[in-house]
Every structure is written in structure tokens, then in C-alpha cells.
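When you get a sec, could you build the whole thing from the sequences and use the hints?
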Amino acid sequence: MTDGGCALVTGGSRGIGAAISVSLASVGRPVAVNYRSDRDAAERVIADIEAGGGSAVALPGDVSRQEDVDALFGAAEERLGPVLVLVNNAGTRADGLSPQLRDDDWDQVLATNLSGPFRTTRRALGPMLRARHGRIVNIASIVGARANPGQSNYAASKAGLIGFTKTVAAEVARRGVTVNAVAPGLVETDMTEGVGRELLAAVPARRAGTPEEVAACVRFLASDEAAYVTGATLTVDGGLTA
Amino acid sequence: MSTTNAQQVEERLVEAIASFGPDASEVTRDATFEELDIDSLDLVELGQIAEDEFGVRIEPDDMKQMRTVGDAIDFVAARA
Chain A
1 MTDGGCALVT
11 GGSRGIGAAI
21 SVSLASVGRP
31 VAVNYRSDRD
41 AAERVIADIE
51 AGGGSAVALP
61 GDVSRQEDVD
71 ALFGAAEERL
81 GPVLVLVNNA
91 GTRADGLSPQ
101 LRDDDWDQVL
111 ATNLSGPFRT
121 TRRALGPMLR
131 ARHGRIVNIA
141 SIVGARANPG
151 QSNYAASKAG
161 LIGFTKTVAA
171 EVARRGVTVN
181 AVAPGLVETD
191 MTEGVGRELL
201 AAVPARRAGT
211 PEEVAACVRF
221 LASDEAAYVT
231 GATLTVDGGL
241 TA
Chain B
1001 MSTTNAQQVE
1011 ERLVEAIASF
1021 GPDASEVTRD
1031 ATFEELDIDS
1041 LDLVELGQIA
1051 EDEFGVRIEP
1061 DDMKQMRTVG
1071 DAIDFVAARA
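Protein sequences appear in the order of chains A and B.
All residue numbers for the first sequence refer to the numbering used here, where the first residue is 1 and numbers rise by one.
All residue numbers for the second sequence refer to the numbering used here, where the first residue is 1001 and numbers rise by one.
Hints are computed from structural coordinates only; laboratory data are not their basis.
Note that this is a predicted model, so its numbers are computed, not measured.
In this text, a Cβ means the ideal position worked out from N, Cα and C, and glycines have one as well.
Warning: the hint list may mix true and false statements.
Stated by the list, open to error - Quick list of the computed label-pair ranges, beta carbon to beta carbon:
no.	chain 1	residue 1	chain 2	residue 2	range
1	A	D48	B	E1026	28 to 34 angstroms
2	B	E1011	A	A205	32 to 38 angstroms
3	A	S98	B	A1006	28 to 34 angstroms
4	A	E188	B	D1039	54 to 60 angstroms
5	B	G1055	A	R206	56 to 62 angstroms
6	A	V229	B	D1061	42 to 48 angstroms
7	B	Q1065	A	D48	37 to 43 angstroms
8	B	E1034	A	S37	46 to 52 angstroms
9	B	E1034	A	S223	33 to 39 angstroms
10	B	E1059	A	E50	53 to 59 angstroms
Said to hold, decoys possible - A few chain B residues that face chain A, going by a derived Cβ cut-off under 10 angstroms, partial list only:
no.	residue
11	L1036
12	Q1048
13	E1051
14	D1052
15	T1068
Shown next, in the form of C-alpha cells:
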């Protein structure tokens, strides 16, 4: 990487986020690995990256809190340089059929999955616009476009994230900043454990995806080669929504 | 507000506006943003420069009132 910037991966300590952190570091990008609660997992990701010759720091913060977002960016900039790649990966679930969803279930999922990316994107864009270069990748979900009963809050957050992605992309495209989404289908992580088993039969590829397969797509969208791709949603689902 | 400050603000903002596209010779105090083809995203960036370099925050409502280069310079210089 020649732009002198770092990548910030929210929720970068586990699952898809950890794979993204490792993948970006593997192409020479210093990575700020954000975590909310699992410091040990974040430290393991840092150790993995350092073992591979990359550089990374673990930074705590809850993206649903503005003060945490400010502190997170401040620390990343101080330790690794300007954030020129932002991966909004932090996400949460609180499943239940709509008639039974509590306000908390709704609010918490929207706060983390949709308002969080808004706050981080808002904070990231200033330096990216001035650098005339930036990459924002939002981790959405096929549930943003396809029904999955029991996840109306999650679906709303991810559909919202895709809409947000498109509009921000159009706003900043002429400054060399791209904004894209990656929509994974069924991927083997802690977060998807126990859900979607019945979906497996419907996946044309007949298997779940791996975090590394999602990370490879993020790495592409974060690269210089993807300069003309913006406002797009790259679906990574083994053909499930084809 | 010192004279030096006002002059620094003017020089910096004119430089920034010129970097958005117009020829530097066109960026006069009386030139309107519309004439210079400076759009809302350019103004957002100008606001960030004002905030980062002079500590002056330009609220969206204030920004909407700014029509000319001079409007922006005076707003920032008065608060820098």
C-alpha cells in the first residue's frame, strides 16, 4: 500500500471481521482491529497478523456510541495514520418474530448495525475526502434483500445499510472515495451458529461460506484496482439468492 | 481578530477553493460559489478545513447563507 493510510475494521476480532483484518494486513495495510468486548480475541488477531509480518493494533469501542467512535478514530490515527479504509463489520442480532420483538431488540440491532456505520462513515469521510482517496466497505447481509423470518430487525438494519451505501457512494464518488457493501449469505461463524441449517439445502454451492471467502471480496473492494466500483453490493452466498 | 489571522484565513480558503476546480484568478471575494461551480460537497470540505485549521465550525444553516467567497472568509475570520 502506498497511500500511507491504515484500515479500521469494526468488530474485527472475531468471525468475518477477524478474517478481514488478517486479509487486509496480508497486503501490507496496517490494521486497527476494533473490538467491543472480547479483548483476548482481538489480541489473537493481532498476534496472527504480526506473525505474518503485518502490523495491527487492537482498539476497544462500541460503534453505537459516538464517544467511542471518536476515541477509536483518534487512537487509530495516532498509532497507524489516517484511516483510508473503513470496514463497517460490527454487527449484532436479537432474533424474534416481529410481534414479539421488544423495543430493546429493535433499538440495539439498529444502533449497532446501521447507526454505527453512519457514525463511523461520517467520521471517516473528512480525511478521505481531503486525501482524495478512501475505501468504505459495509458488511451487509443477503437478509437485506431476502426474507428470513425472525430477523425483521436485522433485515431492516442491513437493507438500510445497503441504501446508505448507495447514497453515500454517489455523494463522494468524485473525490476518489468508494463506498460498497458485501452481502454474505450463510457463513460459518459464531454469530450464525445454530441458524440457517435448513437454508443449507437451498444453497446451490451446498455448503456454507468461510469468513476468508468474504474477506477476499472486502480486500478487493479496498484495493486500488476497485477504484471504479462504487455503490455496489457484492453478494457472497454460494448462489443462494441467484 | 488580528489582521494576520484574517489574511491567513483568506489565503488558505482561497487556496482551498481553487483546489476544488476554478482557476485561482477567478476566486475573488465577490465571486459566488455558483459561478465558481463550487457545490455542496466542496463546501463541506471547506468547512472541515475551517474547523481543522482555524477551529471554526460552520453549521449547515450558516453554510446555506454563504453565497460568495467573501461570505465564507468573513465568517471564518470573525471566529478564528
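Note to self: A range of 54 to 60 angstroms was offered for this pair. Does it hold for the Cβ distance of A/E188 and B/D1039?
What the structure shows: Violated - the Cβ-Cβ distance for A/E188 and B/D1039, about 45 angstroms, lies outside 54 to 60 angstroms.
Margin query: Against the range 32 to 38 angstroms, how does the distance between the Cβ atoms of B/E1011 and A/A205 compare: consistent or not?
Written below: violated, 60 angstroms
Check: Has the hinted range 56 to 62 angstroms been met by the Cβ atoms of B/G1055 and A/R206?
Finding: holds, 59 angstroms
Next item on the list: Given the range 33 to 39 angstroms, decide if the beta-carbon distance of B/E1034 to A/S223 lies inside it.
Entry: Holds, since B/E1034 and A/S223 (Cβ atoms, about 37 angstroms apart) stay within the stated range.
Notebook entry, point to check: Close enough to count: is the Cβ of B/Q1048 nearer than 10 angstroms to one in chain A?
Noted result: Holds, because the Cβ-Cβ distance from B/Q1048 to chain A comes to roughly 5 angstroms (cut-off 10 angstroms).
Next item on the list: Given the hint of 42 to 48 angstroms, check if A/V229 and B/D1061 actually sit that far apart at their C-beta atoms.
Entry: violated, 35 angstroms
Notebook entry, point to check: Okay, A/D48 versus B/E1026 on CB: inside 28 to 34 angstroms?
Noted result: violated, 53 angstroms
Notebook entry, point to check: Would you say the C-beta atoms of B/E1059 and A/E50 sit inside 53 to 59 angstroms of each other?
Noted result: 44 angstroms Cβ-Cβ, so the 53 to 59 angstroms window is violated.
Item checked: B/D1052 as chain A interface residue, shortest Cβ-Cβ below 10 angstroms -> holds, 8 angstroms
Notebook entry, point to check: Taking 10 angstroms as the limit, does the beta-carbon of B/T1068 come near enough to a beta-carbon in chain A?
Noted result: violated, 23 angstroms
Checklist line | Hint check for B/A1006 and A/S98 - Cβ pair distance inside 28 to 34 angstroms | finding: violated, 59 angstroms
Item checked: Cβ separation of B/Q1065 and A/D48, checked against the hinted range 37 to 43 angstroms -> Cβ of B/Q1065 to Cβ of A/D48: about 52 angstroms, so the range 37 to 43 angstroms is violated.
Checked against the numbered hints above, the structure violates hints 1, 2, 3, 4, 6, 7, 10, 11 and 15; every other hint is satisfied.
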